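Going down the list, the sequences are from chains A and B. For the first sequence, my numbering puts the final residue at 582, and the numbers step up evenly by one. For the second sequence, my numbering puts the final residue at 429, and the numbers step up evenly by one.
Watch out, some of these pointers could steer you wrong.
[As the list claims (entries may be wrong)] In silico EDC-like pairs for lysine to aspartate or glutamate, Cα to Cα no more than 16 Å straight-line:
{"hint": "1", "chain 1": "A", "residue 1": "K314", "chain 2": "A", "residue 2": "D404"}
{"hint": "2", "chain 1": "A", "residue 1": "K314", "chain 2": "B", "residue 2": "E257"}
{"hint": "3", "chain 1": "A", "residue 1": "K563", "chain 2": "A", "residue 2": "D342"}
{"hint": "4", "chain 1": "A", "residue 1": "K409", "chain 2": "B", "residue 2": "E179"}
{"hint": "5", "chain 1": "A", "residue 1": "K270", "chain 2": "A", "residue 2": "D259"}
{"hint": "6", "chain 1": "A", "residue 1": "K441", "chain 2": "A", "residue 2": "D404"}
{"hint": "7", "chain 1": "B", "residue 1": "K252", "chain 2": "B", "residue 2": "E179"}
{"hint": "8", "chain 1": "A", "residue 1": "K519", "chain 2": "A", "residue 2": "D561"}
{"hint": "9", "chain 1": "B", "residue 1": "K184", "chain 2": "A", "residue 2": "E208"}
{"hint": "10", "chain 1": "B", "residue 1": "K122", "chain 2": "B", "residue 2": "D217"}
{"hint": "11", "chain 1": "A", "residue 1": "K289", "chain 2": "A", "residue 2": "D342"}
{"hint": "12", "chain 1": "A", "residue 1": "K563", "chain 2": "A", "residue 2": "D287"}
{"hint": "13", "chain 1": "A", "residue 1": "K409", "chain 2": "A", "residue 2": "D425"}
{"hint": "14", "chain 1": "B", "residue 1": "K184", "chain 2": "B", "residue 2": "D269"}
{"hint": "15", "chain 1": "A", "residue 1": "K289", "chain 2": "A", "residue 2": "D231"}
{"hint": "16", "chain 1": "A", "residue 1": "K563", "chain 2": "A", "residue 2": "D125"}
{"hint": "17", "chain 1": "B", "residue 1": "K331", "chain 2": "B", "residue 2": "E257"}
{"hint": "18", "chain 1": "B", "residue 1": "K323", "chain 2": "B", "residue 2": "D69"}
{"hint": "19", "chain 1": "B", "residue 1": "K184", "chain 2": "B", "residue 2": "E223"}
{"hint": "20", "chain 1": "B", "residue 1": "K184", "chain 2": "A", "residue 2": "D200"}
{"hint": "21", "chain 1": "B", "residue 1": "K149", "chain 2": "A", "residue 2": "D125"}
{"hint": "22", "chain 1": "B", "residue 1": "K252", "chain 2": "A", "residue 2": "E113"}
{"hint": "23", "chain 1": "A", "residue 1": "K146", "chain 2": "B", "residue 2": "E179"}
{"hint": "24", "chain 1": "B", "residue 1": "K203", "chain 2": "A", "residue 2": "D231"}
[Stated by the list, open to error] Short, incomplete list of chain B residues facing chain A, as computed with Cβ under 10 Å:
{"hint": "25", "residue": "E223"}
{"hint": "26", "residue": "T227"}
{"hint": "27", "residue": "V299"}
{"hint": "28", "residue": "G302"}
Derived by calculation from the structure, the hints in this document are not laboratory data. Please read these numbers as outputs of a predicted model, since none were measured by experiment. Ideal Cβ placement from N, Cα and C applies to all residues, glycine included.
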Amino acid sequence: MFGRSALGLVALPLGLSIAACGEGMIQRDHPSTRAQGAGGAGSTSTGSVGSGGSIGPTGTGGAPPSCTAADPPGPQLLRLMTRWEYAATVADLLGVAAPNVEPIPGSGSVNGFDNDAAGGVVTDRHVDAYMSLAKDLVDQAFAANHAALVPCSTAGCDRQLIVSFGRKAFRRPLTDDEITRYLALFSADLTQGTFDEGAKLVVRSMLVSPNFLYRSEIGDKNADGTFTLSPFEIATALSYTFWGTAPDAALAQAADQGKLSSPADLETQARRLLADPKSRPQLAHFFGQWLGTSEVVNTNKDKGTFPTFSTDIAKSMAAEEAAFVEHVVFDASGSFGELFTAPYVFVDQPLAQFYGLTGASATMGLLQVGPDSHRGGLLTLGSVLASHAHAMDSSPIKRGVFVRRGLLCQSLPDPPPNIDTTPPPLDPTKTTRDRFAAHTSNAACKSCHQYIDSIGFGFESYDGVGIYRTTENGATIDTSGSVLGLETGSMSTTPFQGPTDLGGTLAKSPTAQACAATQYYRYTRGFQETNADACAVVHLQQAFAARGLDFKELMVSAVLEDSLRVRRATP
Amino acid sequence: MARVLTRRSLVKGAGTAAALSLLFKQWIRTAHAASPHRVLFVYVPDGCRPELWHPTATGTSFTLPDMSQPLTPIQSDCVFMKGLNMYAGGPTHEGGVRKVLTGAGDVSLDIFLGQQVGKDALHQSVQLGVGTQYQNGSGYVSMVAKETFVQPDDNPLDAFSNLFGDSGPMGPSPDELLRRKRDQSILDTSLADLQSLETKLGTTEKAKLDLHLDAIRQVERRLTGQGTTCTVNFDTRGFMVNPMDYYPKTYHIESNFQLVGELQMDLMALALSCGVTRVGVVQWSHPVSPTHVPGVSVGNHDASHMGGPLYTAAKQWFMKEFVYLVNKLKSYQEMDGTLLDNTVVLLCSELGDGALHDHVNVPFVLAGGKNLGLTTGRSLDYSMQVNGENQPHAKLLVSIANAMGANIDSFGYTGHGTGGLDGLFA
Chain A
12 MFGRSALGLV ALPLGLSIAA CGEGMIQRDH PSTRAQGAGG AGSTSTGSVG
62 SGGSIGPTGT GGAPPSCTAA DPPGPQLLRL MTRWEYAATV ADLLGVAAPN
112 VEPIPGSGSV NGFDNDAAGG VVTDRHVDAY MSLAKDLVDQ AFAANHAALV
162 PCSTAGCDRQ LIVSFGRKAF RRPLTDDEIT RYLALFSADL TQGTFDEGAK
212 LVVRSMLVSP NFLYRSEIGD KNADGTFTLS PFEIATALSY TFWGTAPDAA
262 LAQAADQGKL SSPADLETQA RRLLADPKSR PQLAHFFGQW LGTSEVVNTN
312 KDKGTFPTFS TDIAKSMAAE EAAFVEHVVF DASGSFGELF TAPYVFVDQP
362 LAQFYGLTGA SATMGLLQVG PDSHRGGLLT LGSVLASHAH AMDSSPIKRG
412 VFVRRGLLCQ SLPDPPPNID TTPPPLDPTK TTRDRFAAHT SNAACKSCHQ
462 YIDSIGFGFE SYDGVGIYRT TENGATIDTS GSVLGLETGS MSTTPFQGPT
512 DLGGTLAKSP TAQACAATQY YRYTRGFQET NADACAVVHL QQAFAARGLD
562 FKELMVSAVL EDSLRVRRAT P
Chain B
4 MARVLTRRSL VKGAGTAAAL SLLFKQWIRT AHAASPHRVL FVYVPDGCRP
54 ELWHPTATGT SFTLPDMSQP LTPIQSDCVF MKGLNMYAGG PTHEGGVRKV
104 LTGAGDVSLD IFLGQQVGKD ALHQSVQLGV GTQYQNGSGY VSMVAKETFV
154 QPDDNPLDAF SNLFGDSGPM GPSPDELLRR KRDQSILDTS LADLQSLETK
204 LGTTEKAKLD LHLDAIRQVE RRLTGQGTTC TVNFDTRGFM VNPMDYYPKT
254 YHIESNFQLV GELQMDLMAL ALSCGVTRVG VVQWSHPVSP THVPGVSVGN
304 HDASHMGGPL YTAAKQWFMK EFVYLVNKLK SYQEMDGTLL DNTVVLLCSE
354 LGDGALHDHV NVPFVLAGGK NLGLTTGRSL DYSMQVNGEN QPHAKLLVSI
404 ANAMGANIDS FGYTGHGTGG LDGLFA
């Protein structure tokens, strides 16, 4: 546990250990390059084929030949609820408003996702926080919803409460041992003769139990040494994936009746959950983590440089992003392409004014825009542009890295430790592009920055808070950008003019399409893929392509894959 | 004016008259015959200008340059170290904050020492923050496992009740005893649940449950801790958390920065003095700090890039607060000296040169620690001692660990050799 390794910060997936970029050395951090069989590398001739050039023709189904004998990709896991999940879960369980979860220490995130199981560990500060939150919440709930929580008053009510609340809190039936263990909380020295004191103690105990705090993905052992998740664990996985909270009564009932083992049953439930409004904020939550925008409300911008930016504008940006992705996925085509090319935005009046758009309604709503608006699609969202920028200026580097890592799933090494990574100082006589020119004129920097800066330069018509501009420091902005090595195996250069144009390119890019599936895989699975996942990831990428690149279908496919249900033993 | 507030009224007591002083007695474990040795890590954000920070002269006669100048009154309590680099482990602010206490390993020294030598205290280690969770996209110094930060507690009132519990001056009331008994039963149930869960798992996930188990036992020990009493006077200076402050929280409002900082330092001194913990961290803000410290017109990070008088003023402000802390520790008399004599304090940051984002010649200062073998009032130079390169700060972490009684010869990075720094601790 106290390993003293001198590993780099960012765990490069798949054990990559490249120290420099250089020609042709950029790495894909989704595993498709390793998994591919004979066919189709880099092929664009088949149109919508979508997985970083690693798969065969569309719709062939099945895994590439080299994958057939693979062990289950995912390990057994205990997934500590994130703060977001905890808040929603306790609110649902107790029928109270979502609590302030600030006292729970936050967990680190991996590749942007805070639900990575590796980061979910409990310290004494967590226990303190869980204890005190449970006490406050239970007092509150017993005052407000007593009848719902304690639906009985006769003898045997203690057991009845334990069995029924325990089923919901642990997301599975309790064992006899557990029932006995919790019955002990009704002992007279603890209750002082008051039933409710025992009932509260049971509920509080359950809310700090590891059986509540961790989502179990342990499974039951099969003859071949693999593990299959129980119907209860599958119900839990479905529910947290789509709703970010515990299963509802219908899903719990399906698990109780064993109706979650066939793909058809699973699909029925998945589609039911997705049709429920609860899936909307959860989708937005996923996008916020994927796009690196979930902290936009807390972003720090210099008031002197950006006088119109405020916390309220940042909140509108967050709401804009949520409304936009929810609309595309659930109310419009759902297609990957529309995410990048939608001819509309979601704004409220203050945000429209901030962007310089006219015709918006007072509250957040859809506004059709034309090309002159320079808006439309993920890449021109204020949240994206402001999050990937500095406090006083834009950042071609951050934006370029965002496209590479976030949208193309290509990993870039961090700069080596002995390199001076000082950004060029602000200069009132130069454009940002000119200031950063050194990266691509200095050979040592260029080996990596040739993959980054030329993408970021194409975003320069948007300042550090996402406002469109045509000049900077008196000079006209050059909006041309290019992507070197967009597709796997290719070293060609793809030019573009500004983010909306780049959006059109990414919408059609097999590498970008595959990356979306990879990111959703990371989010649903709660761990970073390794070589063992190569086939599972490719399989999901194929399913996404085969189902018309419809994001909703990707979400359904992700939970239908065997890789969710079947696990290998943890080492 | 002394008034006893319970935890609940303390946290939720906004609107009640401000209590100027709180008197608490806390049941804690029996103090040892000799004062225990303690360690405190103090982080300030965004590096320095090394040429304006490190004294030029070495030895015992030296003058502090502009940025560290406010430390002059406590110069004889400090050891200034130049020529220390933080190697490996990632670049710039984010890399720096991850390695400054980990030595580029996985676990930070506060957590490690808490587990190694602080086990008998009510809290193995205590992390208090000043605005650390306000607009923080860069991380925290304390790490419990790979890529897993421990966020400090930014709310001093919350921290107070966590550290000193609910007891009144007469010891626990019958209600309080019943409350503890109930809490104990919850923790016992959790432990039993954990143990049955553990039987189902392989080692990776078991390690996670072991951490959890350890966490429960720590909380349990706090409930059952018994021994001598410690009188705790904590002057909240009228600070109250307004529950209506959603963003920023009351304790994150810039005009409260100094007050919250000083309350956290007061609390830390109390916790160390009372034996609540032997290992502490005070983290001021965070890397890329947006905070305008009093008297400086730009945010700390912006100042670090602008340089000049603004940066110097920001650094000087933090140094004055460090003087406050050192004097506070000095004000507690123990049987064999002051609390400062029994506590080694490390002042650190995540960068060397704040504008260059480098990890060269990082500003490290040790203070106190006389009874741990530290001779203070010195300026030391560790430049170019390893094949012409600067010594690694990981060796400084080893020296501190050794002084605290942890027998290790490396902590994190070993690329420039193992062992501690020469000539630091006796």
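Do the hints match the structure? See the list:
Pair hint A/K314 plus A/D404 holds up; C-alpha atoms about 12 Å apart against a cutoff of 16 Å. Restraint check: the Cα-Cα separation between A/K314 and B/E257 comes to about 15 Å, which is no more than 16 Å; the hinted pair holds. Between A/K563 and A/D342 the CA atoms are separated by roughly 11 Å; this keeps the pair inside 16 Å, and the hint holds. A threshold of 16 Å between alpha carbons decides the hint, and for A/K409 with B/E179 the separation of about 53 Å lies outside it, so the pair is violated.
Between A/K270 and A/D259, the direct Cα distance comes to roughly 15 Å. Compliance with the 16 Å bound is thereby established for this hinted pair. Using a Cα cut-off of 16 Å, the hinted pair A/K441 and A/D404 holds, with the two alpha carbons roughly 12 Å apart. Of the pairs offered as hints, the one joining B/K252 and B/E179 is violated, with about 30 Å between alpha carbons and a cut-off of 16 Å exceeded. The straight-line distance between the Cα atoms of A/K519 and A/D561 is roughly 13 Å, inside the 16 Å bound, and the hint therefore holds.
Note on B/K184 and A/E208: the hinted pairing holds, with a Cα-Cα distance of about 13 Å set against a maximum of 16 Å. The suggested pairing of B/K122 with B/D217 holds, with an alpha-carbon distance near 10 Å, which does not exceed 16 Å. For the given pair, A/K289 sits about 14 Å from A/D342 by alpha-carbon distance, which is consistent with the 16 Å threshold. Our distance criterion of 16 Å between C-alpha atoms is met by A/K563 and A/D287, whose separation comes to about 13 Å.
A hinted pair counts as satisfied when its Cα atoms are at most 16 Å apart, and A/K409 with A/D425 qualifies at roughly 12 Å. Annotation: proposed proximity of B/K184 to B/D269 is violated, straight-line Cα distance about 30 Å (limit 16 Å). At roughly 30 Å between alpha-carbon atoms, A/K289 and A/D231 are farther apart than 16 Å, so this suggested pair is violated. For the hint pairing A/K563 with A/D125, the CA-to-CA distance comes to about 22 Å; that exceeds 16 Å, so the pair is violated.
Restraint check: the Cα-Cα separation between B/K331 and B/E257 comes to about 23 Å, which exceeds 16 Å; the hinted pair is violated. Restraint check for B/K323 and B/D69: the C-alpha separation of about 13 Å stays at or below 16 Å, so the hint holds. The suggested pairing of B/K184 with B/E223 holds, with an alpha-carbon distance near 10 Å, which does not exceed 16 Å. The straight-line distance between the Cα atoms of B/K184 and A/D200 is roughly 9 Å, inside the 16 Å bound, and the hint therefore holds.
Taken as a hint, the B/K149 and A/D125 pair is honoured in the structure, with Cα atoms around 14 Å apart against an allowance of 16 Å. In summary, the hint linking B/K252 to A/E113 is supported, as the alpha carbons are separated by about 10 Å, within the 16 Å threshold. In summary, the hint linking A/K146 to B/E179 is supported, as the alpha carbons are separated by about 14 Å, within the 16 Å threshold. At most 16 Å may separate the alpha-carbon atoms for a hinted pair to count; B/K203 and A/D231 meet this at roughly 9 Å.
The beta carbon of B/E223 is positioned within 10 Å of a beta carbon in chain A (closest approach about 9 Å), and the interface hint is therefore held. Annotation: interface hint on B/T227 violated; nearest CB of chain A at approximately 14 Å, more than 10 Å. A distance limit of 10 Å between C-beta atoms decides the matter here; for B/V299 the minimum to chain A is near 14 Å, and the interface restraint is violated. Against a cut-off of 10 Å between C-beta atoms, the interface hint on B/G302 holds, since the closest Cβ of chain A lies about 7 Å away.
In terms of the numbered hints stated before, the structure departs from hints 4, 7, 14, 15, 16, 17, 26, 27, listed from lowest to highest.
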